[in-house]
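As they're listed, the protein sequences go chains A and B. As numbered in this note's numbering, the first sequence has no gaps in its residue numbers, which increase by one up to the final residue, 109. As numbered in this note's numbering, the second sequence has no gaps in its residue numbers, which increase by one up to the final residue, 113.
Misleading hints may appear alongside valid ones.
[To be verified] Here are some chain B residues the structure puts well away from chain A; computed CB gaps all over 10 Å:
(1) 11
(2) 15
(3) 20
(4) 28
(5) 56
(6) 62
[Said to hold, decoys possible] Dumping the calculated DMTMM-like pairs for lysine to aspartate or glutamate here, alpha-carbon to alpha-carbon at most 20 Å:
(7) B/78 x B/56
(8) A/42 x B/1
(9) A/45 x B/1
(10) B/83 x B/62
(11) B/42 x A/56
(12) B/101 x A/7
(13) B/78 x A/56
(14) A/45 x B/3
(15) B/42 x A/7
[Stated by the list, open to error] Listed next, the stretches of chain A that the computed footprint assigns to chain B, with coverage defined by at least 3 CB atoms under 8 Å from CB atoms of chain B:
(16) 40-46
(17) 99-108
Keep in mind that the hints were calculated from the coordinates and are not lab data. In this text, a Cβ means the ideal position worked out from N, Cα and C, and glycines have one as well.
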Amino acid sequence: RKEVEQDPGPFNVPEGATVAFNCTYSNSASQSFFWYRQDCRKEPKLLMSVYSSGNEDGRFTAQLNRASQYISLLIRDSKLSDSATYLCVVMGQGGKLIFGQGTELSVKP
Amino acid sequence: EPEVTQTPSHQVTQMGQEVILRCVPISNHLYFYWYRQILGQKVEFLVSFYNNEISEKSEIFDDQFSVERPDGSNFTLKIRSTKLEDSAMYFCASRQATNEKLFFGSGTQLSVL
Numbered sequence: 001r002k003e004v005e006q007d008p009g010p011f012n013v014p015e016g017a018t019v020a021f022n023c024t025y026s027n028s029a030s031q032s033f034f035w036y037r038q039d040c041r042k043e044p045k046l047l048m049s050v051y052s053s054g055n056e057d058g059r060f061t062a063q064l065n066r067a068s069q070y071i072s073l074l075i076r077d078s079k080l081s082d083s084a085t086y087l088c089v090v091m092g093q094g095g096k097l098i099f100g101q102g103t104e105l106s107v108k109p
Numbered sequence: 001e002p003e004v005t006q007t008p009s010h011q012v013t014q015m016g017q018e019v020i021l022r023c024v025p026i027s028n029h030l031y032f033y034w035y036r037q038i039l040g041q042k043v044e045f046l047v048s049f050y051n052n053e054i055s056e057k058s059e060i061f062d063d064q065f066s067v068e069r070p071d072g073s074n075f076t077l078k079i080r081s082t083k084l085e086d087s088a089m090y091f092c093a094s095r096q097a098t099n100e101k102l103f104f105g106s107g108t109q110l111s112v113l
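Isolated chain A, as found in the complex:
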């Protein structure tokens, strides 16, 4: 089983749509979880951390289900500028980040 597994994508959605990304992780001892955004051939940028209680940042909502080892990201009212690859990331031992394959999102007018 892959350490971090994401929906394969790509997701093509119209502006204003709601889109959800799913992710599972294999190490039940993992403690810290994140969503990163990566634009084409650029460095990953932290979008938000994911907490057990769930957390929201504007149009973005992240959820964590430890029992199922499942992480999600919901984007509401999607904008053209949300087009990017979304990376599910789990922190491993010593602070190293373990990245999922990424799910590409394309928001169309």
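Mind docking chain B on chain A? Use the hints.
Then chain B, alone, in the frame of chain A:
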């Protein structure tokens, strides 16, 4: 916001040549990392460095790779004898503590011909 700086942004080299990728982490950071991303693939951890020594390395980080922090500001990744499959984007990252945000540099695109 403070930045991690990487140079060069692009490096082209011949197979078998040595390359050094350079990074200037954020000045008060203590933990340093190299990641790589082969085109179309996921971001992969290579190595972490703390207190002037490697704290962890991945299977990718074999004897052809080495890291150094020669002068307290630079953090370098050396590939001794490059192979075609070393072609990738290499990202340097740093953080102040393991529970703090990780800052990535903008990457060096390495092309091995």
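| task | Determine which of the earlier numbered hints do not hold for this structure and return their numbers in increasing order. | result | 5, 11, 12 and 13
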